[in-house]
Amino acid sequence: MDDKDRLHHYLRVRRDDLLGKLNGLSEYDVRRPLTPTGTNLLGLVKHVASVELGYFGEVFGRPSGRHLPWYDDDASPDADMWVTAAETREDIVELHRFAAAHSDATIEALPSDAPGVVPWWPEERRHVTLHQILVHMLAERAQHLGHADILRELIDGTAGQRPGDPNLSLRSSEEWAAHRGSVESAAVAAFNTAQQEAASGRREETETVRS
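Each residue of the sequence shown is one higher than the one before, counting from -3 in my numbering.
All the pointers check out, no bait thrown in.
Estimated spans, in silico, between C-beta atoms of each pair:
(1) Met(-3) <-> Arg58: 19 to 25 angstroms
(2) Ala71 <-> Asp161: 34 to 40 angstroms
(3) Asn188 <-> Asp109: 52 to 58 angstroms
(4) Glu90 <-> Arg2: 26 to 32 angstroms
Calculated directly from the structure, the hints in this document are not laboratory data.
Think of the CB as a built atom: it goes at the ideal place given N, C-alpha and C, for glycine as much as any other residue.
Sequences and hints are given; from them, build the entire structure.
In C-alpha cells, the structure reads:
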C-alpha cells in the first residue's frame, strides 16, 4: 500500500464513521442544533459531502455536474451546515455517497502528484497536488468527525468512533459518572488554586506599592 492508497483508506474509514453517527436517531435528533452556532449531525454530513465534491471535482478539472443550491449566490449563509425540512435524511446520505463515489474515481484515476487548482484559495497557494488535497480532506473530515462524536454523545450518550471502539474505556454508566465527577473536581480545584494565587499576587503588589 503506497501513500496515496493509505490516505484513501483512512478517508473511506472517516466517511463510514461519520455516517454511523446517524444510526438509530430520530429525524429531530439528527437535525437539531446542539451548539450556539447551530452545529448538528446531518448538517455535518451535508457539509463534508459538499466540500469533498469540490476538492476532488472542480479542483482537478473533473466537475461532478451536481448542482448544490446552498452554494448559490442568493443562498443563506452557512446553508451547507444545516438541513431544511424539505430535505430528507435520505437526500443527504445519497449526496454523501455520490460525493464519495465521485471522489474515489478522481483519486483512483490520478497519480499523487497530479496538479490541481483551488480557485477559492489565495493565489499564492491555490496550485496543489492530489496528495495535498487528500491530506487536506482527511483533516477536514477528521475535524468534523470529532464534532460529530461530541454531538452524538450529547444526544444519547453513545461515545466512540463506532460500536466496540478499542480506544474507549469499557465502563458502566456509574463508572463514567464517577469519572466525570473526578474531572469536575479537578477543574474546580485548579480554578480555586488559580483564584487564590491571583489574590495573593494582588496583595503582594499592594504591599509593595505601600512600602
